[in-house]
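Asker: In order, the protein sequences belong to chains A and B. With the first sequence counted from 1, adding 157 to any position gets you the numbering used here. With the second sequence counted from 1, adding 27 to any position gets you the numbering used here.
Residues from chain A shown here face chain B by an in silico Cβ test under 7 angstroms; the list is partial:
hint, residue
1, T244
2, N249
3, E257
4, T260
5, S261
6, P264
7, A278
8, Y310
9, H312
It should be emphasised that the hints constitute simulated quantities derived from the structure, not laboratory data. Being a predicted model, the structure only gives us computed values, none of them experimental. Backbone N, C-alpha and C fix where the C-beta goes; we use that ideal spot for every residue, glycine too.
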Amino acid sequence: MSGKLLSVRNLEIAFRSGGEEIPVVRDLSFDLDHGETLGIVGESGCGKSVTALSLIGLVPNPPGRISKGEILFEGEELVKAGERRLTQVRGNDISMVFQEPMTSLNPVYTIGEQIAETARAHFGLSQSKAWARAVEMLSLVGIPSPDKRAHDYPHQLSGGMRQRVMIAIALVCEPKILIADEPTTALDVTVQAQIFDLFRDLQKKIGAAIILITHDIGVVAQMTDRVLVMYAGRKIEEGPVADFVRDPRHPYTRGLVSCIPRLAMPPDDEPAPLFEIPGVVPAPRELNRPGCAFAPRCASAFGKCRSQDPALHAAGDGRAVACWLETEGNAA
Amino acid sequence: MLNGSVIKLSNAVLLLIAVLILNFALIHVAPGDPVEVLVGEMGGATPEQIADLRAHFGLDRPLYIQIATYLGRVVQGDLGYSLYYDQPVTQLIAGRVGPTLLLVGTALLSAILVCTVLGVFSAQKRRSVLSHLVTVLSLAGFSAPAFWVGIMLILLLSVAIPILPISGMSSSDGAASGVMYVLDVLHHLILPALTLALIYLAFYSRLSRASMLEVLESDYVRTARAKGLPRRLVIYKHALRNAVLPVVTFAGLQFGQVISGAVLVETVFAWPGLGTLAFESILRRDTPTLLGILFFSSVMVVAMNLLTDFLVRRIDPRIKAQ
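Turn these sequences into a full structure, and let the hints steer you where they fit.
Answerer: Written out as structure tokens, the structure reads:
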């Protein structure tokens, strides 16, 4: 077995719709090392969130299921693991912070209780020990007067504070992997920065690997070690973050990176127009046709792009790109 | 908090006064009065005698004075005197309230209990037989009138398979005492309570299923699962407490329906409660009794609403803050 913390192999996730099963994530493979931060980027609807859910066995079923592939956590296969085993893994080995802090906490229990119950479930702590641990976690995630705040209900906290509570819940058992699914999308920009600082701090303290799902390239550049770009349910590029920002290879990645607004004003005082990638991500149902899924929106597409799907192609120092330009790159 | 309770209570009192006045006026509008019925039973009387009787009961005075007099007495705890039963109305109601509370309480509690269980299980397996059964049963329960259900149950469980008594609250010989009496009453309670419970079940099972379905899809239930809580905790701790809220609210607000259902069921099963009393007093034009029962029912409904309010606050901390 390789020493990888997490290894996803040829993952396919399909959703049943109108009598047929439609894959929304296809042939996805990636690895995660101890203490590493991996960014998964892509537009809405490209399969990022469902991939994240699949890692802890929470793909909504029905209608969805993992139809192919394996997920190896420290060498242990999780796709075929039973619910009992997954319950042990969730929150303890792999935990998750969601996109919607406003609705992700249960409105009828105190935040202290919601943290403490996680510790009780996994460590079998007593009521008082678990409560003390909850207060400790609240202070760790930077909530002032944590012993008082622990008695608060979610509605008494702001969005940023609630996300801190979610992080406290996710980290209370010191997991090996923390999955953060667009953790700051619903928050103010200033609060976003605070939350990311918190992630970085806690990662140092706990030593967890982080999978950060986002569509914010700026965040990826700051936070991650390695980036995986998804498009229409497939991995189309992967590599170290510096290469990703400086030298994106796939036309889609290039587009994503160009979408970052630049603050620097050109001399003529006229801000450059924002770049956009024309069109939208195709629906999974439309992907039965041959060729690269991105071809219809790609400015560099040529004949082969519309007839054959490009395979992932190694491009040196841990990079891989799925694009015909890499192998027959003369038509651009 | 204390302030809020005071406001709620005074609102409740005002509401009760309004209900009283309205009841009084409505009954006054209906044709026929107690004197006519009394005279009918006496075998006729001269117009002078009728006028005398009217004057005696204060029926000749203007409506607003009658209402004011009645209100004044109610405040002192006097609901008037029943001409037909020849008893103070308060005594009459006190004698009947026990059986009604027993019936309604049993039916309501068992209905809420059963519907919660049904809701929990059918929502988890929404394509299961149980889930569809809940939908069908609730539709049938909505459509079938209470008295018909009662009669069908009598035909089935008292006539075709005679295991349960047809009517009444205890065996007529009155010989039983102590534990035997209690068992006898419970034996008589089964059918009417079942009939009444079926009506409530129709209301609540659908609601609790829908509410549970919604809650199971919620983000915080996903969080609870992502934390690695065992299924038991996810369902009964995180989902159920939220799902039960609309059911409690609905049950509290619908308490008026509960009472009107009880009138029908009590009548069908000759259950000696407030419902039969109300029914009889309508037939006898026994205005004081009818007014008394209506007033008492509205007190119960208002009390139930206050209780619901209190319960909902206990369950959902968000409401306290508002």
